[in-house]
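Participant: Here is how the chains run, residue by residue.
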Amino acid sequence: MLRKALLVAVSVGLMAATGSAQSSNKTALKPGAKVFINSMPDSFDMFLKSALSKKKVPLTIVDSKEKADLEMTGTSETQKAGAAKKIFMGSWQSDEQATISVADLKSGEIVFAYSVNKKNSAHGKQSTAEACAVHIKDELEKTK
Amino acid sequence: MLQRTLVSVVVVLSSATLWSSQTPSNGVRDESDTRIQAAARLYIAPIEGGYDIYLAAAMHKKEVPVVLVTDKSKADFELSGVTESEKAGWAKTIFLASTATNEQASIKIVNLKTGTIVFGYNVNKSNSARGKQSSSEACAKHLKEKIEAR
Numbered sequence: 229m230l231r232k233a234l235l236v237a238v239s240v241g242l243m244a245a246t247g248s249a250q251s252s253n254k255t256a257l258k259p260g261a262k263v264f265i266n267s268m269p270d271s272f273d274m275f276l277k278s279a280l281s282k283k284k285v286p287l288t289i290v291d292s293k294e295k296a297d298l299e300m301t302g303t304s305e306t307q308k309a310g311a312a313k314k315i316f317m318g319s320w321q322s323d324e325q326a327t328i329s330v331a332d333l334k335s336g337e338i339v340f341a342y343s344v345n346k347k348n349s350a351h352g353k354q355s356t357a358e359a360c361a362v363h364i365k366d367e368l369e370k371t372k
Numbered sequence: 306m307l308q309r310t311l312v313s314v315v316v317v318l319s320s321a322t323l324w325s326s327q328t329p330s331n332g333v334r335d336e337s338d339t340r341i342q343a344a345a346r347l348y349i350a351p352i353e354g355g356y357d358i359y360l361a362a363a364m365h366k367k368e369v370p371v372v373l374v375t376d377k378s379k380a381d382f383e384l385s386g387v388t389e390s391e392k393a394g395w396a397k398t399i400f401l402a403s404t405a406t407n408e409q410a411s412i413k414i415v416n417l418k419t420g421t422i423v424f425g426y427n428v429n430k431s432n433s434a435r436g437k438q439s440s441s442e443a444c445a446k447h448l449k450e451k452i453e454a455r
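From first to last, the protein sequence lines are chains D and Y.
For reference, each letter of the first sequence is one residue, going 229 to 372 in this note's numbering.
For reference, each letter of the second sequence is one residue, going 306 to 455 in this note's numbering.
Source of the hints: derived by calculation from the structure; they are not laboratory data.
Some hints here could point you the wrong way.
Stated by the list, open to error - Calculated lysine-lysine pairs in the DSS-like style (CA-CA distance at most 30 Å, straight line): (1) D/Lys346 / D/Lys284; (2) Y/Lys451 / D/Lys370; (3) D/Lys365 / Y/Lys418.
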């Protein structure tokens, strides 16, 4: 009887100890969560807001960090086609790269991050922003 | 009998709790220990050009077994680095028909408790297929190898 009780106690103790070290860090990224989008270089945040809306990502965008569960930060870079590319490659399209990360404001953990690089981007920043939105949506669908 | 059992349960539970609270989440104390344990909490310091966010994305993509945090005080390790991009000039565009950039980056990871540098890595990519994304994924891949090799 005593041995059984001790075994149970040890198991419970060990489970509690390991459980606290491996807490799930993806709980905040769920459909309906409130996200605050930080300002980004070249107003990439505006493109992201439009893309999230266009791709029907199930997140609520809020205008202040205090009201939010998640915070999105990111950066974007555009390399416009130079004269050489236009003349010799016949391409006016820009090369785009962008990256975003989403942090849980309560735990301070980064719950999602994504980067995209598009050569000869068909729609410039819009293309990279929509790629980010699609991947957030995929991640949210995984949590369902 | 029941009292003894209860006392034993309480003693075992409290010692387990004490043990878990005294052991740091990364399990590292010794200064000469350069291991990075899986599930260690890593803070990425801001890097010029938002390269820290590229690194976070790369770690997410390559499934590096660390927990990324935005607050240094909650972290076991700190990653800092530097990066440089060289865009293709007109000569490269015309004669090599390539608009790909040349990328180089360097990162280091410091154990915040001991102050020891536990990991360092440099990457240089000529004609980088995906710019900063390529160099950051190289860093993430090598960090993952380091953690998994222990």
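Participant: Take the hints in turn and mark each one as holding or not.
Facilitator: Hint-by-hint comparison with the structure:
1. Taking the CA atoms of lysine 346 of chain D and lysine 284 of chain D, the gap is near 22 Å; set against the 30 Å cutoff, the hint holds.
2. Proximity of lysine 451 of chain Y to lysine 370 of chain D is assessed by CA-CA distance (about 29 Å); at most 30 Å being required, the pair is judged to hold.
3. Simply put, lysine 365 of chain D and lysine 418 of chain Y have alpha-carbon atoms about 38 Å apart, too far for the 30 Å limit, and the pair is violated.
The structure fails to meet hint 3 from the earlier list, while all remaining hints are met.
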